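J.: Let the hints inform the model, and build the full structure from the sequences given.
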Amino acid sequence: MRKYILCLGLVFILVASMAMVPPSQAANFKGKTIKWIIPFNVGGGSDVWSRLYSPFLQKYLPGNPIVAIKNMPGGGSIIGGNYFHTRVKPNGLTVFGSSGSTSFPYLLENPKVKYDFAKYQIVFATPVGGVCYINPDLGVKSVKDLKGFKKTLAYASQGATSLDIIPLLAFDMLGLDVKAIFGYKGRGPGRVAFEQGEVNIDYQTTPAFIKNVRPLIEQGKAIPLMSWGALDENGNIVRDPVAPDIPSMPEAYEMLHGKKPSGPAFNAWKAFFLAGFGLQKAMWLPEKTPKDIVAAYREAAAKAIADPEFQKIVDKSLGGYTQLAGKDAVAAFNQVLGVPKQDRDWLVNWIETKYEIKVR
Amino acid sequence: MDVFFQSLSVVLQPGHLLMLVCGVVMGLSIGILPGLGGIVGMTILLPVIYGMEPHTAFALLIGMVAVIPTSDTFPSVMMGIPGSSASQATIMDGYPLAKKGEAARALGAAFTASLIGGLFGALVLTLIIPIARPIVLAFGSPELFMLALLGMSMVGVLSGTKPIKGILAAGIGVMIGALGDAPAVPEYRYTFGIDYLMDGIPLVVVGLGLFAFPEIVDLMIKGRSISDVATLGKGWLDGVKDTLKHWTIVLRCSFIGVIVGFLPGLGGSVVDWIAYGHIIQTSKDRENFGKGDIRGVIAPESANNAKEGGGLIPTFLFGIPGSGSMAVFLGGLLILGIQPGPAMITENIDLVYTAIWSLALANVFGAILSIALSKPITRLTVIPFSYLAPFMVLIITFACYQATRSWGDLVALLVMGILGWVMKQYGWPRPAALIGYVLAGNLETYLFISVQRYGFGWLARPGVLILAAIITGSLAMGVFYQARKVSKASAAESGKRA
Amino acid sequence: MVRKIGLGFSVLVTLSFGYGIYEALSYAYLAKIFPLYVSLVLCIIAIANLIQEIRASYRRTEKTAASAADLETEWGDIAMSEVLRKFSVFILVIIILYCAIWFIGYPVSITLFIIILYRYVAGTKWRWAVVAGLAGLGFLALVSKLLYMDWPQGFIMLPWPLG
Chain A
1 MRKYILCLGL
11 VFILVASMAM
21 VPPSQAANFK
31 GKTIKWIIPF
41 NVGGGSDVWS
51 RLYSPFLQKY
61 LPGNPIVAIK
71 NMPGGGSIIG
81 GNYFHTRVKP
91 NGLTVFGSSG
101 STSFPYLLEN
111 PKVKYDFAKY
121 QIVFATPVGG
131 VCYINPDLGV
141 KSVKDLKGFK
151 KTLAYASQGA
161 TSLDIIPLLA
171 FDMLGLDVKA
181 IFGYKGRGPG
191 RVAFEQGEVN
201 IDYQTTPAFI
211 KNVRPLIEQG
221 KAIPLMSWGA
231 LDENGNIVRD
241 PVAPDIPSMP
251 EAYEMLHGKK
261 PSGPAFNAWK
271 AFFLAGFGLQ
281 KAMWLPEKTP
291 KDIVAAYREA
301 AAKAIADPEF
311 QKIVDKSLGG
321 YTQLAGKDAV
331 AAFNQVLGVP
341 KQDRDWLVNW
351 IETKYEIKVR
Chain B
1 MDVFFQSLSV
11 VLQPGHLLML
21 VCGVVMGLSI
31 GILPGLGGIV
41 GMTILLPVIY
51 GMEPHTAFAL
61 LIGMVAVIPT
71 SDTFPSVMMG
81 IPGSSASQAT
91 IMDGYPLAKK
101 GEAARALGAA
111 FTASLIGGLF
121 GALVLTLIIP
131 IARPIVLAFG
141 SPELFMLALL
151 GMSMVGVLSG
161 TKPIKGILAA
171 GIGVMIGALG
181 DAPAVPEYRY
191 TFGIDYLMDG
201 IPLVVVGLGL
211 FAFPEIVDLM
221 IKGRSISDVA
231 TLGKGWLDGV
241 KDTLKHWTIV
251 LRCSFIGVIV
261 GFLPGLGGSV
271 VDWIAYGHII
281 QTSKDRENFG
291 KGDIRGVIAP
301 ESANNAKEGG
311 GLIPTFLFGI
321 PGSGSMAVFL
331 GGLLILGIQP
341 GPAMITENID
351 LVYTAIWSLA
361 LANVFGAILS
371 IALSKPITRL
381 TVIPFSYLAP
391 FMVLIITFAC
401 YQATRSWGDL
411 VALLVMGILG
421 WVMKQYGWPR
431 PAALIGYVLA
441 GNLETYLFIS
451 VQRYGFGWLA
461 RPGVLILAAI
471 ITGSLAMGVF
481 YQARKVSKAS
491 AAESGKRA
Chain C
1 MVRKIGLGFS
11 VLVTLSFGYG
21 IYEALSYAYL
31 AKIFPLYVSL
41 VLCIIAIANL
51 IQEIRASYRR
61 TEKTAASAAD
71 LETEWGDIAM
81 SEVLRKFSVF
91 ILVIIILYCA
101 IWFIGYPVSI
111 TLFIIILYRY
121 VAGTKWRWAV
131 VAGLAGLGFL
141 ALVSKLLYMD
151 WPQGFIMLPW
161 PLG
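Sequence order for the protein chains is A, B and C. Under the numbering used here, the first residue of the first sequence carries the number 1, and numbering increases by one thereafter. Under the numbering used here, the first residue of the second sequence carries the number 1, and numbering increases by one thereafter. Under the numbering used here, the first residue of the third sequence carries the number 1, and numbering increases by one thereafter.
Source of the hints: derived by calculation from the structure; they are not laboratory data. Model, not experiment: these values are computed from the prediction. Think of the CB as a built atom: it goes at the ideal place given N, C-alpha and C, for glycine as much as any other residue. Please note that the accuracy of each hint is not assured.
Example chain A residues on the side facing chain B (calculated, C-beta under 7 Å, incomplete) [said to hold, decoys possible]:
(1) Val42
(2) Arg51
(3) Glu195
T.: Here it is in structure tokens:
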């Protein structure tokens, strides 16, 4: 009798525990609203990016939830990032959109940063490229002529810890003497300053370059030098596919120094280039998000990217770059994280010494 | 030329006109509330256009942008609350008029001035577009610094009998403006470690704190109504007639508005003060400015609508916003797939003309609608203020909270409010503080860039010298006038005694 | 008392610019130039102003004259001390409002605020006060729904649109 009750009890416990484990379902967001935190102002570049993506995400996420953009500007996007890190639950209902200005303070270990991209799950990323050009009055006809170029150049900069790390470090690596003029509020004013003659070397993101600088080149008012490049599947930096006639930064380096770029400067440059351009804008899910939700998001992103309607938008408003989703984005981001700390420290030291500011 | 007519025909299509009117109505409904005009209003309204068909959305967007400076006039006149974009100088004479019971007249004059100013501005713009690029390019950082300095020199005009307090008040404003992140370096100034202050105190909070809060308190203490006079005096028709009488002022200031509004990043903040200062300096009888001189309403109002049109130029041609609301407008364009930039002048010039004339028409709708609304709204100036006060508190706390959506906004509002009240009671001119605050960032940035780039050589540039001459001239005129007034007064004194 | 506050404010302004100088010295070179020099000049002017005010208060010739520049109220028949008293009361009320918002959220607090003020300051009957309060609440509900605007939430979370 006792044995019988014991058996029954065990079976009961077994069955009960199986009933308690929720049946594993595929993620479904029917009837829900997804909150997409954008730590920038309405109308800014990242805001526009998110709003171009959101209708397609709505279309392809299971259950067709509403994707609502929540702007949380402040502290150069640090406040929104911190909010995402400390307050958001990993239930797949809130996601985060970052841009270069979010990832740079993180990589530079700014003490105000609480967020940690290494812990989040990346869903997709939007790359962009940059092209550098110079005033023709300096006698430089192409990047080769910069070999041994001695004159001091002026560059319109937003700040030594902004995306401008990429051009400033690149100029330094190429051996150019460039005086950074700080205080400009973006690349738009930088381009105007170039046209006014206030500065004589500048870069623009590739879509802006094609639209606004190519006409200047045709009028003989600018000379293209190099693009930063783009990442290929093997993790190398190759020519920017949107500006294939212009050499990439590593190529330019090789032209001027006779060997391929390497060392802590280039490693640091590559990491920051990836964060700031190769993966400039990315969507993230919080740390402990269940695998099926992450998979659902990545799949939705991949489908959105494959949608021909969306491809038109990419060509028109996002520069025509191949968007990265799922494991491509993961692989690219791992390259950013993979740069050894000492190289990042080298960069911080370089900024602090050259520009006399405290980064950390 | 036929591009111009082509775009005009687009503008006059019924569908387009309908969306313009919708945009105007939406913009007006939000902008009329204190603190929700200008950039804040645009930011709130912009998401509405997402997902709309580009042509319709474009008209809607322009309608909203056009009516912002118009709607800002209501709180300026009714309670002396400066708008977050344009109608700041209007408070100087608009509010005193409301206190005299002539709110309707002030509004009527303001809207007519806006209407005519806006139309004239659009005309000037159309003619200037071919040479727009060279003009904008001629204004480098040194010239923009001088222009900001010109705006600051208006503080002298506004300080009347107390120049020292005026300068100090402007200085207070500049320091409040310097609070937060430095323009070029990752350094946070005067923040006492408080996160909220990292970005500085938003304009809405400063404007509402310094002006709205003290006004609400004082009106509550007085216990009457906004208007000191029980019945409403002259009506809006008188205001319209006033504007038509001073049509030269309208044209002059509208011209100033277009030209200054042209200049990327700076135009929006200074233009109405420059217009106001200009009208004071060029008028022989200045006694009534600041006490309810209708010309003090007409001048800034003509300028600020024209400036909105002018602001389209850097936005479209350079992709750089001419003012805060243009920045949001630019975002709207990008959503609609319109990429502003130098290419626009060759490829999409029709779009630019469409925009200019849609803006002008939207101005007309906005002005007419506003005039229609002014009669019922001005009735608010005669009802006892205790009926209005609670709602005013609701609106200003709510509007301030929209700035950064954090508690800091509410606390900052209280602090700025107390500061503003004390300044008001002890004769520290708050408009000077507002100018200082608004211009601080620009002054620092452009000075910075100029010195970094040119050492001190920029002081010799022709544009800089011309602007310096204008500034010195206007300051000198002010001092001279003041001296003459004092000597006249003392002559009268001695005449009396004799 | 009144004169003292005015003087006190001038002292405060002078001290603030002094603090501005002191604080600016600790910033990185590029960030310090502007605030440092502006504070320096203004501090000097503020001291000059302070001296002038102190001398004027001894001479007692200067009235707080209204200038064309500021939107000053002339209090006329109300004594300044009364004004200060009422001002303090108002500030206190606002602080209480903020505390309420902290605890029970914005919509309920502001509705109660409107109702109480209508009843006790404007002197209307209760039902009109409640109508006014509900009008305020309705406005909040409308803009929050249509335009996605937010309000501060309190500890105690109430269902929309009360919290």
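J.: Quick check on A/Val42 please, does its C-beta sit within 7 Å of some C-beta on chain B?
T.: 5 Å, holds
J.: Restraint: A/Arg51 near chain B, CB-CB cut 7 Å. Satisfied or not?
T.: This interface hint holds because 5 Å falls under the 7 Å limit.
J.: Is the interface hint satisfied for A/Glu195? The criterion is a beta-carbon contact with chain B at less than 7 Å.
T.: Check passed: Cβ of A/Glu195 comes within 6 Å of chain B, closer than 7 Å.
Every hint from the earlier list agrees with this structure, and none is contradicted.
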